[in-house]
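Trainee: Take a look at the letters that make up each chain.
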Amino acid sequence: MEKVLMKGNEAVGAAAIRGGCRYFFGYPITPQNELPEYMSRELPKVGGVFLQAESEIAAINMVYGAAGSGARVMTSSSSPGIALKQEGISYIAGAELPCVIVNMMRGGPGLGGIQPGQSDYFQATRGGGNGDYRHIVYAPASVQETVDIMTEAFDVADQYRIPVLVLGDGMIGQMMEPVEFRDPPTRELPEKDWITDGTAGRRAPNIINSLYLAPQDLEDHNRRLDAKHRLITERETRWESFRCDDAEIVFVSYGTASRIVRNAVEMLREQGVRAGLIRPITLWPWPQAAFDALGPSVRALMAVEMSMGQMIDDVKISAAGRWPVGFYGRSGGMVPDQHAIAEAAVAMLETATQEVR
Amino acid sequence: MTSGGRIAILCGHYGTGKSECSIALARTLPAPVTLIDLDVVNPYFRSREARAVLEADGIAVIGNSLGIDTGVDLPAIPGSIVPALRDQQRRVVIDLGGDPVGARAIRQFRPRIPTEDTDLLYVVNAFRQGNRDSDTTVASIREIEQSVGLKCTGLINNSHLLGETTVDHVMSGDRLCREVFDATGLPVVWVAARPPVLDACRDAALQPAGMPLPVTGVLRQDWMDSRR
Numbered sequence: 001m002e003k004v005l006m007k008g009n010e011a012v013g014a015a016a017i018r019g020g021c022r023y024f025f026g027y028p029i030t031p032q033n034e035l036p037e038y039m040s041r042e043l044p045k046v047g048g049v050f051l052q053a054e055s056e057i058a059a060i061n062m063v064y065g066a067a068g069s070g071a072r073v074m075t076s077s078s079s080p081g082i083a084l085k086q087e088g089i090s091y092i093a094g095a096e097l098p099c100v101i102v103n104m105m106r107g108g109p110g111l112g113g114i115q116p117g118q119s120d121y122f123q124a125t126r127g128g129g130n131g132d133y134r135h136i137v138y139a140p141a142s143v144q145e146t147v148d149i150m151t152e153a154f155d156v157a158d159q160y161r162i163p164v165l166v167l168g169d170g171m172i173g174q175m176m177e178p179v180e181f182r183d184p185p186t187r188e189l190p191e192k193d194w195i196t197d198g199t200a201g202r203r204a205p206n207i208i209n210s211l212y213l214a215p216q217d218l219e220d221h222n223r224r225l226d227a228k229h230r231l232i233t234e235r236e237t238r239w240e241s242f243r244c245d246d247a248e249i250v251f252v253s254y255g256t257a258s259r260i261v262r263n264a265v266e267m268l269r270e271q272g273v274r275a276g277l278i279r280p281i282t283l284w285p286w287p288q289a290a291f292d293a294l295g296p297s298v299r300a301l302m303a304v305e306m307s308m309g310q311m312i313d314d315v316k317i318s319a320a321g322r323w324p325v326g327f328y329g330r331s332g333g334m335v336p337d338q339h340a341i342a343e344a345a346v347a348m349l350e351t352a353t354q355e356v357r
Numbered sequence: 358m359t360s361g362g363r364i365a366i367l368c369g370h371y372g373t374g375k376s377e378c379s380i381a382l383a384r385t386l387p388a389p390v391t392l393i394d395l396d397v398v399n400p401y402f403r404s405r406e407a408r409a410v411l412e413a414d415g416i417a418v419i420g421n422s423l424g425i426d427t428g429v430d431l432p433a434i435p436g437s438i439v440p441a442l443r444d445q446q447r448r449v450v451i452d453l454g455g456d457p458v459g460a461r462a463i464r465q466f467r468p469r470i471p472t473e474d475t476d477l478l479y480v481v482n483a484f485r486q487g488n489r490d491s492d493t494t495v496a497s498i499r500e501i502e503q504s505v506g507l508k509c510t511g512l513i514n515n516s517h518l519l520g521e522t523t524v525d526h527v528m529s530g531d532r533l534c535r536e537v538f539d540a541t542g543l544p545v546v547w548v549a550a551r552p553p554v555l556d557a558c559r560d561a562a563l564q565p566a567g568m569p570l571p572v573t574g575v576l577r578q579d580w581m582d583s584r585r
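First to last, the sequence lines map onto chains A and B.
Using the numbering used here, you'd call the opening residue of the first sequence number 1 and step up by one each time.
Using the numbering used here, you'd call the opening residue of the second sequence number 358 and step up by one each time.
Calculated from the structure, these hints are not laboratory results.
Idealized CB from N, CA, C, for every residue including glycine.
Among these hints, one or two may not hold up.
[As the list claims (entries may be wrong)] Have a look at the derived ranges for each label pair, beta carbon to beta carbon:
1) B:T427 / A:I317: 48 to 56 Å
2) B:R535 / A:R182: 55 to 63 Å
3) B:Q465 / A:E54: 25 to 33 Å
4) B:R559 / A:E180: 23 to 31 Å
5) B:E412 / A:A352: 53 to 61 Å
6) A:E180 / B:R535: 20 to 28 Å
7) A:A53 / B:E412: 38 to 46 Å
8) B:G415 / A:A53: 27 to 35 Å
9) B:T573 / A:S55: 37 to 45 Å
10) B:R499 / A:I317: 53 to 61 Å
Excised from the complex, chain A in its bound form (with noise of 0.2 Å):
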């Protein structure tokens, strides 16, 4: 297929509905609003049904009701839109409902800006909800890739009955780039016998629920979650690494930030610095293997994000003390120049040669 230009936001949409999206439920947010617009535009040409909610949370809950009917579902929010999501993401994850949710991330807290921003790192891999949960967490660099994991979100939550949050930033939403749909790589897909679409007086209801009262029970519960966590874990964690191979200094950075540390390894390298760059591309689950494939020239490594520093706590979980570990960062919707994170490392990797003397 030919090639063309999108913005992020309506690309999203375009391979959500390539996907096998069909419904849309969410509430409006800048700077992700053309996402609900191109849905309400398209999803009733393809039979689908966009629906703008009363709020964020209503939004969330309607997303629960149809995943349970069986229904390929999405809603899409930025930022404070995807806070007041946390209690339906966590009554998903518990019932073990797939649907894909999109937050195109903007500064924080609270209201914050609409400026691009990372600062949901936590609230994406940790989660503002309660109990022991965790759903997929892709991080997308470009308009292309951010189709190529939207078009296949849908199957991978399909497989595992699992929430995938789709973290992109308001960059990645309000950018132009060149794109083309491809098809995502088969997965054998598990049949939904467990959905509530009508028994038709001929099986026992189906129930789609999060209440275990019993402990053991709930123990139960945690303990199969658990064990689908470790499944995806093996299978599904994905991650580049760029110029790692002979790097004395390892940059660790997802989504826009990583575009523009891409280009300050370029740079490092033309100055004689040997840079590389693991990009994480899911944040859960985490690519601690990138880690422990670094050879012994490293000799640092750095987490670059638009936020105060957040993925910053899983580089130091996966460095485990090997190598120190640095840190730039612009926020409020500040992007990075790639001038200045050169520095930084520059900086850094002088600091270090210092400790070792």
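Start from chain A and add chain B according to the hints.
Mentor: Only chain B this time, still in chain A's reference frame:
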């Protein structure tokens, strides 16, 4: 057909490159020039964000009435637009928001816009959904004309895939624009592209319709178009 109207209003399907073309056009016209950014539907990548570059070129920029160029998506349209429209010595470029809904912001100024001295230029990018064929493009033009309350006077062929653009993309856009011309009689006034692409068109002796308008991608940051 003219590029000589005192006021040039750029309209089109969203994401076709109206802001970059508006910036390029403002830098091409003889001084004094004012660029009015009337986009109230788009939160990012608006022409007012190029204020520093434009003001250094002596071009006045009108954004919103709060004087904040980034980070607000309020329809705060300033009254200073009126004297700019009235100034007979001044060329004015108006950058509208995308689609009929974005174009509507100009409606309140319609009585102050002299039809005989104004070009309404429709920006075409053959690689955008809303310009995928001639019929869709003509329908989009008609909807925007309704919204603005003016008839379109010409086209800007801005067909591109950002950093991946080749002369073939420009010529695809040229074919589309010729079909639109056949259907509407609207001429291509400008052919917009990055300077290397315009040079490549010239070197290949390709002659897309329209005067060359060099677009430099002022609103794109350099990391955006790195080859991946």
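Trainee: For each hint, tell me whether it holds in the structure or not.
Mentor: Evaluation of the provided hints:
no.: 1; hint: B:T427 / A:I317: 48 to 56 Å; result: violated (36 Å)
no.: 2; hint: B:R535 / A:R182: 55 to 63 Å; result: violated (32 Å)
no.: 3; hint: B:Q465 / A:E54: 25 to 33 Å; result: holds (31 Å)
no.: 4; hint: B:R559 / A:E180: 23 to 31 Å; result: holds (29 Å)
no.: 5; hint: B:E412 / A:A352: 53 to 61 Å; result: violated (44 Å)
no.: 6; hint: A:E180 / B:R535: 20 to 28 Å; result: holds (26 Å)
no.: 7; hint: A:A53 / B:E412: 38 to 46 Å; result: holds (44 Å)
no.: 8; hint: B:G415 / A:A53: 27 to 35 Å; result: violated (49 Å)
no.: 9; hint: B:T573 / A:S55: 37 to 45 Å; result: holds (44 Å)
no.: 10; hint: B:R499 / A:I317: 53 to 61 Å; result: holds (59 Å)
Going down the numbered hints, you'll see the structure goes against 1, 2, 5, 8, while the others check out.
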